[in-house]
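Student: Given next are the chains, with one letter for each unit.
4 protein chains.
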Amino acid sequence: MTVLTLQQATRHVEAGLAKAREMGVSMNIAVVDTGGHLLHFSRMEDAWLGSVDIAIKKARTAAFFKMPSSAIGELSQPGGSLYNIEVTNDGLVSFGGGLPITDPEGRIMGAVGVSGGAVPQDVAVAEACLA
Amino acid sequence: MTVLTLQQATRHVEAGLAKAREMGVSMNIAVVDTGGHLLHFSRMEDAWLGSVDIAIKKARTAAFFKMPSSAIGELSQPGGSLYNIEVTNDGLVSFGGGLPITDPEGRIMGAVGVSGGAVPQDVAVAEACLA
Amino acid sequence: MTVLTLQQATRHVEAGLAKAREMGVSMNIAVVDTGGHLLHFSRMEDAWLGSVDIAIKKARTAAFFKMPSSAIGELSQPGGSLYNIEVTNDGLVSFGGGLPITDPEGRIMGAVGVSGGAVPQDVAVAEACLA
Amino acid sequence: MTVLTLQQATRHVEAGLAKAREMGVSMNIAVVDTGGHLLHFSRMEDAWLGSVDIAIKKARTAAFFKMPSSAIGELSQPGGSLYNIEVTNDGLVSFGGGLPITDPEGRIMGAVGVSGGAVPQDVAVAEACLA
Chain A
17 MTVLTLQQAT RHVEAGLAKA REMGVSMNIA VVDTGGHLLH FSRMEDAWLG SVDIAIKKAR
77 TAAFFKMPSS AIGELSQPGG SLYNIEVTND GLVSFGGGLP ITDPEGRIMG AVGVSGGAVP
137 QDVAVAEACL A
Chain B
17 MTVLTLQQAT RHVEAGLAKA REMGVSMNIA VVDTGGHLLH FSRMEDAWLG SVDIAIKKAR
77 TAAFFKMPSS AIGELSQPGG SLYNIEVTND GLVSFGGGLP ITDPEGRIMG AVGVSGGAVP
137 QDVAVAEACL A
Chain C
17 MTVLTLQQAT RHVEAGLAKA REMGVSMNIA VVDTGGHLLH FSRMEDAWLG SVDIAIKKAR
77 TAAFFKMPSS AIGELSQPGG SLYNIEVTND GLVSFGGGLP ITDPEGRIMG AVGVSGGAVP
137 QDVAVAEACL A
Chain D
17 MTVLTLQQAT RHVEAGLAKA REMGVSMNIA VVDTGGHLLH FSRMEDAWLG SVDIAIKKAR
77 TAAFFKMPSS AIGELSQPGG SLYNIEVTND GLVSFGGGLP ITDPEGRIMG AVGVSGGAVP
137 QDVAVAEACL A
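Protein chains in written order, with our numbering: chain A, 17 to 147; chain B, 17 to 147; chain C, 17 to 147; chain D, 17 to 147.
Source of the hints: derived by calculation from the structure; they are not laboratory data. Just so we're clear, the structure is a prediction, and the values are computed from it rather than from any experiment. Treat the hints with care, as some may be off.
Note: identical chains are not told apart, hence a pair may lie in one copy or across any two.
What the hints assert, rightly or not - Cut-off 20 Å, straight-line C-alpha distance, at most; resulting in silico cross-link-like pairs (DMTMM-like, lysine to aspartate or glutamate):
#1 Lys82 / Glu30
#2 Lys82 / Asp62
#3 Lys82 / Glu38
#4 Lys82 / Glu61
Using the sequences and the hints given, assemble the complete structure.
Tutor: Okay, structure coming up:
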């Protein structure tokens, strides 16, 4: 297993922060390891305080299921096969902004979670973290 | 940043209590600071005990996202972009009754949360708190 | 059972706030009913944020066991008969500052909890609430 | 009130990380604002996972009571005036490693929390964060 280092996590976050500043949105950005444990976190000035927890939970959701947080949301709607799965694991977030971080061979090394804007903005910053 | 004083919070609550008595509904009214920490709380006789926590969580929701709690609820419905966001932050409330408190320049100083009646009644009392 | 009204709770709190101001200490004062449910809460300017929860838990401890919170602390020490009871009930506080509120016949109507200063200061303000 | 920026928090953390590397210990370093909300977090390679939460709770403890976390521990021992205060506020940490961050006028802007080594090592790194 390739371990995600603090240095790599910092680079992911800095790329995301640059994108967020370019977009003019105050973001919270969290990076977790494969176990969902926090590795790095940054909150920009004036970012919503409620988004601290959401950013961390998006990252944990992506790490726990090795898929974008939004993929869970497709199955967790009323009538869906994972209806209300969000209440498990001390809270999952099933909308966009959580993305797995993979090594060059495609193996999961952790995940990033972004919260602070509209969901498409969160997703854009999460993608910038990984670019 | 202007800090909300206990005296100001008490005035907001008293205005809300007066409205609630006029309406004949027993309310719980909570006031929190910008960080979502409790500043003032009042429960009227015979108010639902389950509404103690709801009033506090409505106020925290409004403070954490700098918007009325009901604005979250417009996006958190099935199929919405923030579906099930309520499970984050140790519980958010996304229906009406939580409103930000702003200073004359429009900066957020905290929030009020009201629970105890039908939602339109909660909203009416929350608005009376701020009037 | 005599029910503690919001008006009575407010009078208890105001007596405590007056004492706290006289002493020059910023306090958090909570009042709960016989079930330990919050009835009234006030936080003075610059009071420790960590004391919000402590004031509420002191009041709940006194209401749950119908005795001063400090009475629990005499039995919860290492080797004592209630060792580490503090971890139950989602957190009890076993040092001074929580006192039962009784009616003229001595029946418990609720409790007050005070936190924000040294423990003897908290106790002095709690006693002022009941005087 | 002076607000702690992400840039300032990052500088505090980088000073701590440099000290930790010099000491050869893998640390978790958390920075919170005056309300105890996470602003920045870094975990070094091989740092104990159990120390993620401890670092954050040390920082919150220092912010909530405007004093070093160890000052709480002097009073929370068996027989002490704040015995078992640790069970409040969803968990406080009362040993060393949490320190308030102050502005040049001595006003609290937030706090840092360090965990990952022996407590004197945690304290040394926390002090390096503020140097």
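Student: Does each hint fit the structure? Answer for all of them.
Tutor: Evaluated hints:
1. Lys82 / Glu30: This pair counts as neither: shortest intra-copy Cα distance 23 Å, inter-copy 26 Å.
2. Lys82 / Asp62: Between. Shortest inter-copy distance 10 Å satisfies the 20 Å Cα cut-off; intra-copy 31 Å does not.
3. Lys82 / Glu38: neither (29 Å within a copy, 22 Å between copies)
4. Lys82 / Glu61: between (30 Å within a copy, 14 Å between copies)
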